[in-house]
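Build out the structure end to end from the sequences listed, making use of the hints.
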Amino acid sequence: MNGPPDLEQMKQRWQAQAVPGPDVAALRKRVGIDTRAHQRTLVFVALATLLVVVLTLLYAWRSARAAAWVSFVFTTAFAAVVWLVALWLSRGTWRPRDESTAAYLDVSIERCKSVIVAAPVGIALYLAGLAGTLIWKQRLLGVDWDQMLGTPAIIFAGWIGAPLYSLCMLWNVQRQRRRLAVLVDLQRQLRES
Amino acid sequence: MTEQTREQRFLALLNANLGALRRLSSSYAGTTGERDDLLQEIALALWQALPRFRGESSERTFLFRIAHNHCINHIVRRKPAESLQALELDPEDGARPIEMALSSAQESARLVEAVRRLPLIQREVVVLALEDLDYAEIAAVLGISETNVGVRLNRARASLRKLMGERA
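Read top to bottom, the protein sequences are chains V and G.
Using this note's numbering, the letters of the first sequence correspond one by one to residues 1 to 193.
Using this note's numbering, the letters of the second sequence correspond one by one to residues 1 to 168.
Listed below are several chain V residues computed to face chain G (Cβ distance under 8 Å; list not exhaustive):
| hint | residue |
| --- | --- |
| 1 | W14 |
| 2 | A16 |
| 3 | E99 |
| 4 | S108 |
Covered stretches of chain V, going by a simulated chain G footprint (3 or more residues, C-beta under 8 Å):
| hint | stretch |
| --- | --- |
| 5 | 26-40 |
| 6 | 100-107 |
| 7 | 184-190 |
Everything labelled a hint here was simulated from the structure, so no lab data went into it.
Just so we're clear, the structure is a prediction, and the values are computed from it rather than from any experiment.
We put the beta carbon where it would ideally sit given N, CA and C, even for glycine.
Following this line, the structure appears as C-alpha cells:
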C-alpha cells in the first residue's frame, strides 16, 4: 500500500517529469521576433501620426484656402491631444516598480483601471474627431450635410465605425472589469495569507 | 549592460532553468499550446527585464519571479472565474483521490494533476518548493514572509495528500 508521498519524494517525481517544449534556440529566436514586432508597432504608430500631420500640412501648403490651414491646425492639435491623453492615462502602467508579485499585481490593476477609464475617453475622442471633420467640411468647405453623410468615408468611419468602435471599447471594459475583480481578489488573498 | 552581455546572461539563465520553466508553465497552462505560449511570454519578459537586474537577489530568484508573475497573469487572463477559487477538500473530495498509477512517469503525472488542482495561493508555493527553492527564495519570489511560506506550504502538502489519496 502506497501512502501519500512526502515532499522529497514529490520533488523527485516532479523533477522527473519529461515536459517537452521549445528549446533555448527557439525561444531566443521568438524573443527576437517579438521584440522587433513590438518596436515596429511603436514606430508605425508614431510614423502614422506624423504622416497624417505632414499630409495635412502639404495639403494646406499647396492649397490657397484658409480651410486647409484650419484642417492642419485641427489635425495637429487632435493628434497631440490623443497622444497626451494616452500618455496621461498610461502613467504608472509601463512596468512594475520591481519584479515582485505584489508590484506586478499593482501594475496589472493599474493597467485594468487605465483601460476602463480610457474607453469612454477614446469613444469621446473618436466622436470629437468625427464631429470636427464634419463641421470643418460643412462650415469651411461648404459641403451639404445630406451629401456628406452619404459618402463612403462617413459611412465607413461614422455610421459603421463609431458604433463598432464603441462596442469594442465597451466589450473591453467588461473584460477588464472582470479581470480587475480577480486581480483585486488575488491581491487581497496574498495580503491576508 | 551591453547587448552581448545581455544575450549571454539570457541564454545562460534559460539553459540552466529551461526544465524548471517548462514544468512551471505546465502547472499553470491547460494545453501544450498554452504552455508553449506561456514559456515564450516568460522568455520575452526575462529578456526585457534583464537590464533592470541589479543583483538584489540571485538570478534564479529573479527568473522565478518573472516566470511566476507571468503564470499568474496567464491564469487570470485564461479563466478568471475559476483561477482563484479555494479548493474545498471536503470528505467527499478525499474519497475521490486521483487514480493511483504504477509507473514512475504515471506517478509524476498524478502529482502534476494534483498540483494543478490546488488553489492558486497554495499552488504557487508548492510549485516553487518542488523546484527546490528554499523558504527564503520562495519568500523572495512571492514577496511574502518565510513564515507565510511555511504556513502555505503545509496547507498545500495537506491538500496534496488528500488529492493523491492514501489507497494503493
